[in-house]
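Trainee: Spelled out from the first residue to the last, the chains are:
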Amino acid sequence: MKRETPVNVVVAGLGGQGVLTCSDLLADAAFRTGLDVKKAEIHGMSQRGGSVSCDVRFGAAVLSPMVPDGEADFLVVLEATQEAPNRHVLKPDGLLLSVTQLDTAALPSPKTLNTAMLGMLSRHVPEIPEASWQSALDAAFPEKIRAMNHAAFETGKNSVKIH
Amino acid sequence: MESKSVLVNGDEAVAMAALDTGVRLGCGYPGTPSTEILETFSALGGRAQWAPNEKVALEVALGAAFGCGRALATMKHVGLNVAADPLFTAAYTGCSGALVIAVADDPGMASSQNEQDSRRYAAAAGVPMLEPADSQQAYDFMAEAVALSEKFGTPVLLRLTTRVCHSKTPVLRRAFPPPPPAAFAPDIPTRVMIPAYARPAHRRLRQRLAEILAWNEQSALTIRYGESGELGLIANGISVMHAREAAPQAAVLQVGMTYPLPVETLRAFAASVRRCVVVEEGDPVIADACRAAGIAVESAPEMFRYGELNVGKVRRILAGDTTPEPARPPGKPPQLCLGCPHRLVFEALRDENCLVTGDIGCYTLGVLAPFEAMHTCVCMGAAFGVGLGLRHVLPPAEARRVVSVIGDSTFMHSGLTGLLDMAYNPPESGHVVVVLDNGTTAMTGLQEHPGTGRLLDGTPARQILPEDLARAMGIERVTVLDMDTKGSGFRAALRADLDSGQLCMIVARRPCILSLRKQRKTEEAKKEGAGQ
Ligand SMILES: Cc1ncc(C[n+]2csc(CCOP(=O)(O)OP(=O)(O)O)c2C)c(N)n1
Ligand code: SF4
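First to last, the sequence lines map onto chains A and B.
Just so we're aligned: the first sequence equals residues 94 to 256 in this note's numbering.
Just so we're aligned: the second sequence equals residues 507 to 1038 in this note's numbering.
Since the hints were derived computationally from the structure, they do not count as laboratory data.
Where a beta carbon is used, it is the ideal one built from N, C-alpha and C, also for glycine.
Take the hints with a grain of salt, since some may be wrong.
Chain A is faced by these chain B residues, among others (derived, beta-carbon under 8 Å) [said to hold, decoys possible]: (1) 669; (2) 748; (3) 837.
With a Cα cut of at most 20 Å, we get these calculated EDC-like pairs of lysine to aspartate or glutamate [unchecked claim]: (4) A:184 x A:164; (5) A:204 x B:1030; (6) B:1024 x B:1034; (7) A:237 x B:1030; (8) B:838 x B:878; (9) A:237 x B:1029; (10) B:1032 x A:236; (11) A:237 x B:1034; (12) A:184 x B:831.
Please construct the entire structure, taking both the sequences and the accompanying hints into account.
Mentor: Quick look at the structure:
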């Protein structure tokens, strides 16, 4: 499945939810696959619970690090309220992956929500093979919480709750 | 040297280049989006330190560079205002070792009080400026800045912007020859700027800039992408990426060194295409310079001067589309963390109907509901001056309501001189200043400062306390409050101080909850490390 333009993903949520970790993991998985990758984020006041979003783009060649409005293939939303403020980034046929589609009760810990959402995304991204996801997860988490995050990733991947 | 590329942001790339080129000392003051440069440099093993403010940081770096040591000073755009005094004269003195000043602009003001364009400083001071477009260029241009600084004996500005600092893109590191040893060779007429020596120094500066311009006209820092003879775009920094994506059919000329601008190269480029458009974020610096040189270029309509550029905006610039941007749905604004010690202070200031001259930090959020207890905020340190000015002119009943509120890091940065003015020119009604001492620079991500008792890397340091400084300056009433969860003592102290008509300082002390969490994590990590 070759495409000329990069795959565009926007990850959105609130400060403290792990939006940065989630998008870092995604970027790293794409990077480990040997793709060109760019990832943009706005820091600053995120620790005070405001809206946060990150753009991740990967493919044969990526230029701007920011996903143009209306060109996101995927919008990954970690907090239901952050759906509306970010919808405009999606392509007409882009896919919204929201926390509302996830069975959060099945997560090993609420802190792994970001990893689970990534698992959900992974099903739709054939460009990144399973091995890259696994090694990105291994690299991102210290031993103590590694297994838990692998489990959350699987939970997200297998979530079928579509509304 | 690693032969594999790594995925890092622009700040991390600058730090890597600093390390690889043998920078001996990195100094700066935190400021989004520049902060991670020194943090990364330190984590990689470089010698990095937080200065009390940007002026001191630049002076320390300049001293190192006078001694042939390669030095890096880092700051955000408004930090360069604070460091402007040494900058302008360092352009006259020049330096022996490399001096690179990494300055991070924030177009769009993701986390700043203005969106000033640092390129104006390069021209005003006469200091060359490089502008990378991604992390690889941040790495390469940092290394080039070190080389240029030593080749021409001048400080070099490395201008970054939010999207370069905080975007991760692949970087391949390389090896560089080792730096020269540190040594100071006295050269009084070049290093001592009394008028008699400064006059020829100014002439030398203009001569040096002419040489740098000649170099830049031939330099590999100007990069042409695409051969189109139809549409040509001139761009700098991140705009290069937006331009290349928005107009894949066009020729794009990246200006890597934007001061002194390679005007003849731009003239030749403009002549090689039928339509030439300058795509730059912020002020029309390149466009104005082209026009002044008689080069026919188009530039973005005024509406694109505000905020960041992006691919969509560049497409609109090229299409001449000036319809207003659709309003974006609002996100959730940030607020003080629940349990933040600043909350208690702003509740009291609100309830006591104070007129609050504020300052910059997490606590600026005291301006928003449910507090709305801040009435001015200008720049770091201005809480003092603005509060004193109001006290001097307002009628007595009003003047007595004025309170200056400042964070601990901001106090060390530029509150000290304000405190001095308060002691030296006391208002008739006295004055009350509240130092919000949460033991960290929280706003920019929990950095150390002279009041925390720790150095940049967390090792213990001498701790300087605001109350000791106030007492040393003869401030009459100094109250230190360990803020409990109710903050009850604070209200009483505030009322008493407002009624006293004297010079008062209240230090409201309680650690930021996020910094406590960070400390705990570091200690756990240390214990685990020791246990293994
Ligand atoms: C000249 C200048 N340098 C740096 C900054 C970035 N900055 C804004 S506030 C701040 C310090 C905040 O620390 P503090 O005063 O302790 O308040 P806190 O955020 O901890 O509440 C910094 C570094 C700035 N706005 N201006
Ligand atoms: S980060 Fe610290 S200082 Fe800032 S709002 Fe949160 S608790 Fe308060």
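Trainee: Are the hints correct? Go through all of them and say.
Mentor: How the hints compare with the structure:
| no. | hint | verdict |
| --- | --- | --- |
| 1 | 669 | 6 Å, holds |
| 2 | 748 | 5 Å, holds |
| 3 | 837 | 3 Å, holds |
| 4 | A:184 x A:164 | 5 Å, holds |
| 5 | A:204 x B:1030 | 19 Å, holds |
| 6 | B:1024 x B:1034 | 15 Å, holds |
| 7 | A:237 x B:1030 | 13 Å, holds |
| 8 | B:838 x B:878 | 17 Å, holds |
| 9 | A:237 x B:1029 | 16 Å, holds |
| 10 | B:1032 x A:236 | 16 Å, holds |
| 11 | A:237 x B:1034 | 11 Å, holds |
| 12 | A:184 x B:831 | 18 Å, holds |
The structure agrees with every numbered hint stated previously.
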